[in-house]
Structures are given as structure tokens and as C-alpha cells.
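For reference, the chains in residue letters:
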Amino acid sequence: MWYEIFYRDPDFVRSIQVILELLGTLAFALSGIRHAAEKKYDWFGGFVCGFSVAIGGGTLRDLMLGVTPFWMTSPFYVVCTMLAQVIVIVFAKYMKRLDNTWLLFDTIGLALFTIAGIQKSLTCAQPFWVAIIMGCITGCAGGIIRDVLLNKPPVVFQKEIYAMASVAGGLLYWFMVWLELNFAVTVVVTFIAIITIRFLALRYHISLPVLQSEE
Amino acid sequence: MWYEIFYRDPDFVRSIQVILELLGTLAFALSGIRHAAEKKYDWFGGFVCGFSVAIGGGTLRDLMLGVTPFWMTSPFYVVCTMLAQVIVIVFAKYMKRLDNTWLLFDTIGLALFTIAGIQKSLTCAQPFWVAIIMGCITGCAGGIIRDVLLNKPPVVFQKEIYAMASVAGGLLYWFMVWLELNFAVTVVVTFIAIITIRFLALRYHISLPVLQSEE
Amino acid sequence: MWYEIFYRDPDFVRSIQVILELLGTLAFALSGIRHAAEKKYDWFGGFVCGFSVAIGGGTLRDLMLGVTPFWMTSPFYVVCTMLAQVIVIVFAKYMKRLDNTWLLFDTIGLALFTIAGIQKSLTCAQPFWVAIIMGCITGCAGGIIRDVLLNKPPVVFQKEIYAMASVAGGLLYWFMVWLELNFAVTVVVTFIAIITIRFLALRYHISLPVLQSEE
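As you go down the protein sequences, you meet chains A, B and C in turn.
Quick note: the first sequence, position 49, residue 60 per the numbering used here, numbers continuous.
Quick note: the second sequence, position 17, residue 28 per the numbering used here, numbers continuous.
Quick note: the third sequence, position 72, residue 83 per the numbering used here, numbers continuous.
Honestly, the hints are just simulated from the structure, not real lab data.
Hints are not guaranteed to be accurate.
It does not matter which identical chain is used: a pair holds within one copy or between any two.
[Stated by the list, open to error] Derived pair list, reagent style DSS-like, types lysine-lysine, alpha-carbon separation capped at 25 angstroms:
{"no.": "1", "residue 1": "Lys107", "residue 2": "Lys50"}
{"no.": "2", "residue 1": "Lys131", "residue 2": "Lys107"}
{"no.": "3", "residue 1": "Lys170", "residue 2": "Lys131"}
{"no.": "4", "residue 1": "Lys163", "residue 2": "Lys131"}
{"no.": "5", "residue 1": "Lys131", "residue 2": "Lys50"}
{"no.": "6", "residue 1": "Lys107", "residue 2": "Lys51"}
{"no.": "7", "residue 1": "Lys51", "residue 2": "Lys131"}
{"no.": "8", "residue 1": "Lys51", "residue 2": "Lys104"}
{"no.": "9", "residue 1": "Lys131", "residue 2": "Lys104"}
{"no.": "10", "residue 1": "Lys170", "residue 2": "Lys50"}
{"no.": "11", "residue 1": "Lys107", "residue 2": "Lys163"}
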């Protein structure tokens with residue numbers, strides 16, 4: 012079967028994982044720093060906003076799970092944020108042209124962090140409904156914290172399918188675990204599903220209904 | 012004595028507790044979702060705001076006490092928030108007419124969550140002054156988080172006696188424990204006191220003084 | 012050597028520490044309450060904003076380190092905030108005249124809390140790069156939380172060298188530990204360095220570059 016590669020070549024899988032995590036973290040940090048630039052924040056403000064997007068969701072998850080926040084166990088995430096900061100400062104004028112690239116990386120980040128959140132919660136012996144919420148928090152809370160720090164209403168509450176792609180991926184993951192499917196298959200299918208749902212929603216302008224006001 | 016019912020019929024007491032907790036959680040979630048609707052947030056935004064009011068204060072308390080956040084131990088609170096979401100979506104037009112009912116439920120929630128916060132802190136071997144602060148956080152922090160997510164100044168900082176009813180209830184609880192009064196009496200009197208203080212403050216437009224500006 | 016006094020007279024050192032902590036906490040709480048007064052918050056809002064500045068950064072640090080938040084171990088910080096509240100209420104008109112005094116106390120607080128954050132993180136067996144971040148969080152996060160509660164963009168993201176003084180102090184501390192300098196020397200030099208950097212930056216209007224917008 013195609014998925015046997017994941018067992019035959021663990022180094023290859025590990026490399027792919029690290030590259031995806033690098034791209035995802037970079038994209039999350041970039042989104043924070045670029046929004047900070049729009050608000051005329053200084054370099055420190057940019058770093059904090061970028062770092063908050065990159066690690067905010069996972070940190071909230073880890074605090075609630077009662078484990079040490081993941082970013083304290085390796086300098087990888089601080090270094091990624093510094094890299095993103097340098098990119099924004101040096102290539103400010105060229106960032107917009109690459110918007111589709113950042114969108115792709117950002118969606119990779121959403122898919123990856125959702126899955127990581129689910130797996131970490133299950134490892135901590137949480138039930139699946141908690142794991143799905145934690146997956147969503149891991150993927151989305153960083154962006155909410157960013158918008159709070161920017162003094163804006165969180166964009167994830169008003170536009171696009173973003174959080175719902177994460178929740179749908181979590182439910183799919185649950186379903187595949189219930190079917191007792193192979194672990195690698197479960198992860199890869201969930202990963203692709205989250206990315207596909209988000210891009211389909213963007214392509215066809217699908218969004219959640221707005222709550223009706225009471226007048 | 013009247014309070015002996017609490018010992019003669021533990022099932023009855025437990026049922027009342029669950030009903031009160033349902034009403035309180037529902038009212039807290041409703042307040043979050045309705046405010047989100049005013050801001051034109053979508054269904055996801057509404058759910059997050061509702062859930063934040065319902066569990067935000069207790070989660071902050073549990074993180075500081077070093078225990079697992081209470082909402083992760085039972086799906087009750089997620090289900091209550093979903094129920095509140097359905098109510099707001101289906102009955103949007105009728106919500107305003109029931110404003111007095113929601114106010115009553117909300118006040119029940121304040122009283123209940125304050126007492127729960129105090130008791131949980133004491134169980135965690137905290138001193139009473141910490142327990143009173145935790146009671147106030149349990150009752151009020153959710154609403155503050157809601158207003159932060161709505162990008163508004165927290166309403167609890169500007170209007171009405173709300174937090175002070177919680178603090179007054181906490182001091183009363185402490186006083187009754189110091190007097191070594193019966194446990195059921197302590198809880199019931201505190202519960203009634205918090206509700207009474209809030210309604211008297213609303214009825215007679217009593218509020219805390221505003222801080223004077225420096226000019 | 013001059014620093015031997017720290018070993019010959021531990022009571023003297025302890026007294027200085029308590030006085031500095033009192034001044035720092037008071038200044039942090041005052042900044043929260045005065046900003047709340049500008050926003051016309053009531054007494055409760057003022058207290059929460061003041062308390063958030065005084066304990067917010069250290070609480071975030073302690074949650075991430077997995078230890079009980081420091082303010083729960085002694086009523087000192089609550090009492091300091093109450094004292095600050097009384098000062099603001101009684102002496103509202105005279106506060107502005109003392110602005111230079113508050114600035115000095117606030118800078119003492121920044122230096123002290125940075126060092127306390129670094130030391131506590133090292134005690135918790137964290138690596139030095141985490142300790143420096145924790146020092147910065149201890150000194151700066153309270154002010155960010157205050158501005159979020161005031162519904163304003165955090166001032167630390169837009170003006171002055173504030174956080175960078177904390178980070179520079181942290182790096183200097185690291186360097187001196189690496190040189191295996193005497194502990195008392197390390198602490199005192201870091202303390203003076205942070206205060207000096209901040210005042211030089213204020214005096215010569217040094218600030219971080221603003222992120223360039225993309226147009």
C-alpha cells in the first residue's frame with residue numbers, strides 16, 4: 012500500500028514533518044508581523060504579534076492539558092519567528108505578491124496544528140470531544156490573540172471557513188479512528204481534508220451564516 | 012430546622028444544583044452569543060463568545076489553582092453552549108421580550124459560580140482571601156473575556172454592581188464559616204444574598220463611584 | 012569588595028528588596044488604575060486594571076512554568092494594589108505632579124520584575140533563552156493586559172524602549188553568569204543597566220524602528 016512508505020522510511024517522514032512545521036510556523040508568524048506592520052507597531056510589537064500567532068494556540072492548549080508549553084522545549088519556534096521578522100523587514104515590498112504562497116503555508120499550518128493538537132490531547136488521555144476542541148484551539152486561538160493585541164475584532168469570527176475546516180478535520184479524524192484505519196492514513200487524509208475544505212470554501216465563497224441581530 | 016432537607020434528601024439537592032447550573036451556564040452562554048450577534052459575528056464567533064462567558068472564569072481559576080479546567084471533565088458545558096446557540100438562532104426575535112428572565116438566570120449564574128469558585132479554591136487548600144478573589148473571577152472573568160473578544164471596554168468595569176455582589180457574597184460566606192454556621196445554611200444564605208444585592212443595586216440604580224480623571 | 016555587604020548583612024539586603032518590590036508593585040498598580048481613570052472606569056475596573064499590571068506578567072510566567080501564581084502565596088500584592096487605589100482616589104489631583112517619581116518607580120519595577128522572572132525560570136530548570144523571555148514577560152505582559160482591558164492598542168508596541176531594556180538586561184545577566192561573576196554583582200549590575208537603558212532611551216528619544224507598511 013502507498014502509506015507503507017511512512018513505516019519503511021521514518022527519516023523521510025520526519026523530514027517532511029519538520030519542513031511542514033517550519034512552513035506552518037513561518038506562515039503563522041508572518042501573518043502576525045504583517046498585521047502589526049499595518050498598525051504601525053514597532054519591531055517589538057511585530058515580534059510579539061508574530062510569536063503570539065505562532066505559539067498562542069498551542070500554549071493555551073498545553074496550559075489546559077497541564078503540560079509545559081511546547082515552545083519552551085525547543086528554540087525552533089522563537090527562531091522561526093525571528094526569521095519571519097527578518098523576512099518582513101527586508102522584503103516588505105515583495106510580501107503582497109506572494110500572498111497566495113502565504114495562504115498555502117498558512118493553511119498547511121492550520122492542518123498541521125489541528126492534527127498536532129488532537130494527538131497531544133489524546134496522548135494526555137483526554138476524550139475525543141476535548142481533543143477536537145483542542146485541535147481547533149491549536150489552529151485558531153493564535154490568530155484570535157493576534158487580533159486582540161491589534162485591538163481589532165477577531166477576523167476568524169467574521170469571515171471565511173477557517174475554524175470549521177479545523178473542526179471538520181477533527182471529526183473526520185475521530186471517524187477514521189473509530190473505523191480503526193491505519194494511523195498514517197488517518198493523519199494524511201485529515202491533513203488533505205482540512206486543506207481542501209479551506210480552499211474550496213475560499214474558491215466558492217462559502218462561509219458560515221452570520222448571527223441575526225434582534226431588531 | 013428547614014435546612015435539614017439538604018441532608019435528608021441528597022438527590023433532591025443534587026437535582027436543584029444541576030438545574031441551577033444549567034440555567035446559569037445557559038444564561039452566561041446566551042449573553043455571549045447575543046452580544047456576538049450585535050457585532051455581526053458568524054456562528055463560530057457566536058459559539059466562541061458564548062463558550063468564553065460560560066467557561067472563561069472557571070477556566071482561569073482552574074489554571075491558577077493548578078487543576079484540569081472543569082469543562083474538560085464533562086461535555087455538559089459544551090452542550091449547554093450549543094443549546095444556547097440554537098436558542099439564539101431559532102428564537103432571535105423573541106429574545107428581547109425575555110430579557111428579565113435572562114437577567115434572573117444570569118444572576119443565578121453569578122451567585123452559583125461565585126460559590127463554586129470559593130468552594131473549589133478552599134478544597135485546593137487556598138486561604139480565604141484567595142478563595143474570594145477566585146469566586147469573583149469565576150463569576151466575572153467570562154464576561155470580561157467576552158468583551159475583549161468583542162473589542163469593547165468590559166461592561167463590568169463601567170456599570171452596575173455586578174462584581175461587588177460576588178465579592179460581598181464571598182465576604183459573607185467567610186463570615187459564616189468563621190461563625191461555624193451549618194454548611195447548607197452558609198451556601199443558601201450566600202446564594203440569596205448575592206442575588207438580592209444585585210437586584211437591589213439594579214432597582215435603586217446603585218453603582219460604584221467612577222474613578223476621577225486627573226484634570 | 013563593595014558587594015560583600017550583601018553577604019555580611021542579609022537583613023539589610025532583604026529590607027532593600029522588600030522596599031523595591033513595594034515601590035515597583037505600587038508603580039505598576041498605579042499605572043493601571045490611572046489609565047482606568049482616564050477611561051472613566053469605576054472603582055472595580057480600576058482595581059482589576061491595577062492588579063493586572065501588578066501581577067499579570069508574573070502570573071502568565073508562573074502558569075507557563077507550572078507553579079502556583081506568586082500573588083496567591085502572599086496578600087502583599089493585593090494590599091499594594093488596594094494602597095495604590097486609595098492613593099489614586101484620594102490624591103487624584105496631585106498625581107500628575109509626581110509623574111517623574113512614578114516613572115522612576117515604574118522603571119525600578121521593570122528592572123526588578125525582569126530579574127525576578129529570570130531567576131524564577133532558572134530555578135525551574137529552564138534554559139537561559141526561556142528565562143530571558145520569561146523576564147521580559149514578567150516585566151511587560153502586565154502592561155499589555157492592561158491595554159487590552161482598556162480596549163487600546165498596547166502602548167509598549169508603539170513607543171519607547173521598554174521591553175528592549177528588559178531583554179538587554181536579560182542578555183547582560185546571561186553574559187555575566189557565563190563569565191561566572193559573583194551573584195550579587197550580576198544582579199546589581201543588571202538592575203542598574205535596565206534602569207539606565209530605559210532612562211537613556213527616554214532622554215535621547217531612542218526607540219525601535221516601526222515596521223514598514225507594505226504600500
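Here is how each hint holds up against the structure:
1. Lys107 with Lys50: Classified as within; 16 angstroms inside a copy, 29 angstroms across copies.
2. Lys131 with Lys107: Neither: 35 angstroms inside a copy, 42 angstroms across copies.
3. Lys170 with Lys131: The answer is neither: 28 angstroms in one copy and 39 angstroms across copies each exceed 25 angstroms.
4. Lys163 with Lys131: neither (30 angstroms within a copy, 34 angstroms between copies)
5. Lys131 with Lys50: For lysine 131 and lysine 50, neither the intra-copy (35 angstroms) nor the inter-copy (34 angstroms) Cα distance is at most 25 angstroms.
6. Lys107 with Lys51: within (17 angstroms within a copy, 28 angstroms between copies)
7. Lys51 with Lys131: Neither way: lysine 51 and lysine 131 sit 36 angstroms apart in one copy and 34 angstroms across, limit 25 angstroms.
8. Lys51 with Lys104: within (15 angstroms within a copy, 34 angstroms between copies)
9. Lys131 with Lys104: neither (38 angstroms within a copy, 42 angstroms between copies)
10. Lys170 with Lys50: both (20 angstroms within a copy, 13 angstroms between copies)
11. Lys107 with Lys163: For lysine 107 and lysine 163, the Cα distance is within 25 angstroms only inside one copy (21 angstroms; across copies 27 angstroms).
Comparing the model with each earlier hint shows violations of hints 2, 3, 4, 5, 7, 9; every other hint is respected.
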